[in-house]
Structures are given as C-alpha cells and as structure tokens.
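K.L.:
Could you put together the complete structure from these sequences and hints?
Heads up: the sequence lines are chains A and B, in that order.
With this note's numbering applied, the first sequence covers 1 to 314.
With this note's numbering applied, the second sequence covers 1 to 309.
There is no bait here: all hints are sound.
Reference excerpt, derived from the structure (chain B facing chain A, CB under 7 Å, subset only): (1) Leu-131; (2) Asn-134; (3) Leu-135; (4) Glu-172.
Just so you know, these hints were derived from the structure itself, not from any lab.
Note that CB positions come from ideal geometry on N, CA and C, so glycine has one too.
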Amino acid sequence: MPQKIIIDTDPGIDDAMAILLALASPELDVIGLTTIYGNVYTPQATQNALRLVEFAGRPDIPVAHGAELPLLLPLDSVADFVHGDDGLGNIAMPPPQGLPVSQSAAEFMVEQVMSQPGEVTLVPVGPLTNIALALNLEPRLAENVAGVVLMGGAATVIGNVTPAAEANIIHDPHAADVVFTAGWPLTMVGLDVTMQTTMTNDYLASLQSSRVGQFIFDITRFYTAFHRREYDLDGAHTHDPSAIAWLINPGLFTVETGPVRVITAGIALGQTLLDRRRHWLGPNGWTDRPAVNVCTGVDSVGLLALFKERILKG
Amino acid sequence: MTRRMIIDTDTASDDAVAILMALQWPDVQVEAITVVSGNVPMEQGSLNARYTVELCGQDVPVYEGAARPLLRDVRYAHFFHGLDGMGGMNYPAPQRPAAEGNAVTELIRRFGDAPGEITLVTLGPLTNIALALNLEPRLADWVKECYVMGGAACTVGNITPAAEYNIWCDPEAARIVFHSGMKILMVGWELCRGEANLSEADMATVYGFNTERARFAIDCNKSAIEANRQWLGDPALALPDPVTMAIALDPAVCTRRSTHYVDVACDAELTRGMTVVDQLGVTNKEPNIEVCWEIDVPRWKETLYQTLR
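P.N.:
Pasting the structure below:
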C-alpha cells in the first residue's frame, strides 16, 4: 500500500520538484497539498499548488489554503529573489482552473489524519505554522500521524538566512519548536543534507526528454541563476525533493537521533539545536524532550539517480 | 434589542458566576460558550460550564477548545479554585454532552456569520481566540467588541509580581490577540480587589437571597475564599470574571477608561505575561487596547445581585 502523504508547501521551485517527484512515485499517495507562505505569500502558494496538480494531471488532489502569517513574528518578506515573482521561475504558467477546498490547511490536516489514524504522513517543506496550528486544534494528532518528514533547519551546518538559521524555520521559529517537541515520529531533512546534493545544469538539461522534466528544466532557469549569483554554483541545491527522497528510500540517508529545540529569540533566532551529547550535569531545555531523526549524510549519487528515473517517466 | 454574546472561558468558580450573570441578564442572548485550558483542564472546564448552563435552566451550546497553551507547558490553578475548579463542591455531572465541533472553528463560523453583531467576553487564557485569529485574521473585524478579563494595568500581578494568571498562562496568545486589531477592553484583576471584593457581609446578603443561584455563586467559590484568606489575610471573595462580565452587561460599571498601546511580555521568565501599558505614550505606537482603570463598586455589586435574586 502506498504511503499517504500531505505535502505542506510554499511553491516554490524546489517545492514543485518535490511535488512532481512524489506524484511520479508509486510508493507515495499524495492525498492533499496544504499551502503556506515562505518562498511566496500564501495566496500565491495556493495558486501554484493548484497549477502543479493540474499540470501533473491530478486536479483531483485537494489543495487547502493555509496560514498567511507566522504565529507571532511579522512576515517581512518572501523569497521571490530565489523563486521569481510568481514563485515558479516566471515562466508565465496559465492560471489554475480549480479552487482550494473550503477548509483551512490546519483543519484539513486534522480531518485527514484523524479519519485515517496511523496512515498519513505530514510532509512540511515550508514554515511550520500550519502544522503547529493543527497540533493546537487537535493534540491527539501526535498519536495519530504515521510520521512527520520536514524540510528545514540546519543542525550540523551553517544556516542560509543567518549563520544560525535556515529559511523555513526562521520564518516561524515558535511553530517549529512546537513541531520538533510534539513527541511524534519526526525526521528533519535540513541543510545538513540538502546542500550536499547539487543538480547541475547539465543534469537538469538531461531531464528534458520527458514533459515533466522539460517543465523542471524551464522553472529552474531562474533558480540556478540565483545559485550562480549567491553560491557561485553550477546548478542548484536539492532542498525539498530530498524530503520526498527520504520517504521513498530512507536508506539514502544517514541520521543522528536526539532532541532538537528551536531558538525563539535573540541573534540565534530560528536555529535548530540538536543535543548531540545527551548527558549533562543538570537538566536543561533539551532534557526529557523527544528524540527526532536528523539527516546528516546523504548518498547524493543515489538520490540524483532516483529523482531522474522518476522524472523521466513523467 | 437583544445583545448577542459569546463567552470564552476556563470555567472554574468565578467563571461560573460570570456565565450565570450573562445567562440571567434580560437583554443578553448567550449564543455559545467556548472552553479553554486555564484554571482547570479543558475537560473539567467544559463540565463546569455545562453544569452552570443547566443550573440556569438553559441549553446554550458549550464547545471544547484548546487543551493547552500555544507554546507553553500546560498549568492549572487548582491551588485557588479546588481540584474540580468549583470549590470542591463536586457538583453532579451535567446532563448534556459538549456540543459537536471545535471551539476555535466554531468561533470563526459564528462571528463570520454575523460580522459586527456579537460581543465576545473572554474569562480565561486567550489560546482559543489566538488560534482562531491565526486561522482567520478577519475575526478581528467580525467581533463587535471584546471584553478581556486579563492583565494588570500598571500594577502588581497575581501569579507573579509582574503578571496576571490568564495572560501569564498563554502570553503568546495574548500578544496575538492584543495586536490583532480587535476592539478590546482590558479588565485587569486589580479591579476586583479591595472594596470590589465581596465582604463577609456582602456574601451574607447574597445567601439571604435564598435562591439556588445565590448559594451556588458563593459555594462554588469556597476554595477561592479560603485561598484569599490564607494568601492575603482577607476573608473576602475576589471575583475578576464577574467584574468583567458586569462591565460587558452594563458598560457604565466602568467609570474610567482610556486607550493605549499595550504589549505582552513574552521573552523573559521574570516578566512573562506582564501587560505593559504605555500610559504616557512614550513608545509613539498606535494605541491598540482600551484599559479599564476604575469601576463603580456599588453598581458592580448591584449588577451581580440582580442576577442572583
């Protein structure tokens, strides 16, 4: 039986790649997309999520509109400089035909998880506001999900917004701390691994023989230009697709296990701090907090082969 | 014309009295009660709210909401209200179950169906309201006006030197609500102190009404009275939620009010939940909260008595 997943997403070029990878993978059954701000503002994220399910020939997949603001912090900006004004590389995609469902993202997640206990995995690849709201609406969510696999954070490497913080987490660190400490089976797929895998421009060009691959090549022109400017990189890092790759084949990754707390104030705002030692002189903020999986190593060759194999079928 | 009201409550003893007041008030229609974790666990608050509704012979729906604060560990005030939240009276279980549906989504639905028409009175931590605002920011405009029992305006707190219990329980929720743009009157705990307490003579007056409601109003506060006696050496009964409700029912109970920038301290343990009122306008920030500074004490007590006779 394929694993049921809800992708909570701020599409986003790498979000699009992740969604298309999931839809091309028989191991996964995407039962809904929920939207969030981050790469774009939430209304644009909802438009893009609808565009993507329609592009993939899956307009039956429900899209639920999510939170427009972080729990507490203001939303000062989104990553249009990475993903383009429209979030999908400015390739002038037509507007979607469909509409989001009437439920909010958090309510949709609660309903789906609680009606199929133990079956649904939440896959947030943006800021974690919707997930925290869902947990607050229904605390039993923690016992009823199959798991949570998130893209975000940086436990053993430097951040990408500040030295401390990765973009998804710093947008809503309060929500992130709730999610990391909720006591559910959680895997963090963060910058520790996503920046180890580069999709070069040659690799992206080699995807063009399929319709989906051509689309990925087209939307990544803006994205790779950003990586060239910012990191002097030929190609792009593999952020959100890495979370989907974990779901398909966790054997591609090595993990460390321990409690992660998110710093919610001060200069390290948004840092995901993994307790890598676990024994201290006295109790601290990590003591008795649930352990989570943190991906720290990845078989990049295997991941790129998996992605290509699936995308070329599309 | 009937005024429409929804009450959000962590129902323990003084909440129960406030609910009773609204249910007995002639021109007010309580359309729903939503329950939040605070004085007692949410499930106990739900039982207490339903018991109170049934005591008044009504069938207002009671919706269950947040069972813990947004970000903080859950805490209760059993030390003040008793294990059952009702002075250890162990009242029988209510006849009716909680209403179908989550308090948060129900708040959004009900205010959205009648924008600008329903008054909100909050008697507990602001978790449900903050969650509703996070899911639906337009709620701030839909609420006609919101009376908040919470905070301490330029004075001491009651759970720490800095903070009042409701705001302290979930300071982040309070911050969200205070900055949402909702029209809010903040009724701090200081307004129920001193002369506003029910003295032993006042409580004897209430008992003298010889109604079930009057006995209930005092009996369910037995733990609170005892806590007051031990804590402040004062045998009187402080009723923060009923004072707030009295203002909602009869705004003239509040005799001095003004609008200020008010923020909630969230970042340091020492000041957690402190309601910082910019009384002198030194921050130059847009005023967001109307603060009640003074009440007409005889009028507040008469408002209460009217509903108990």
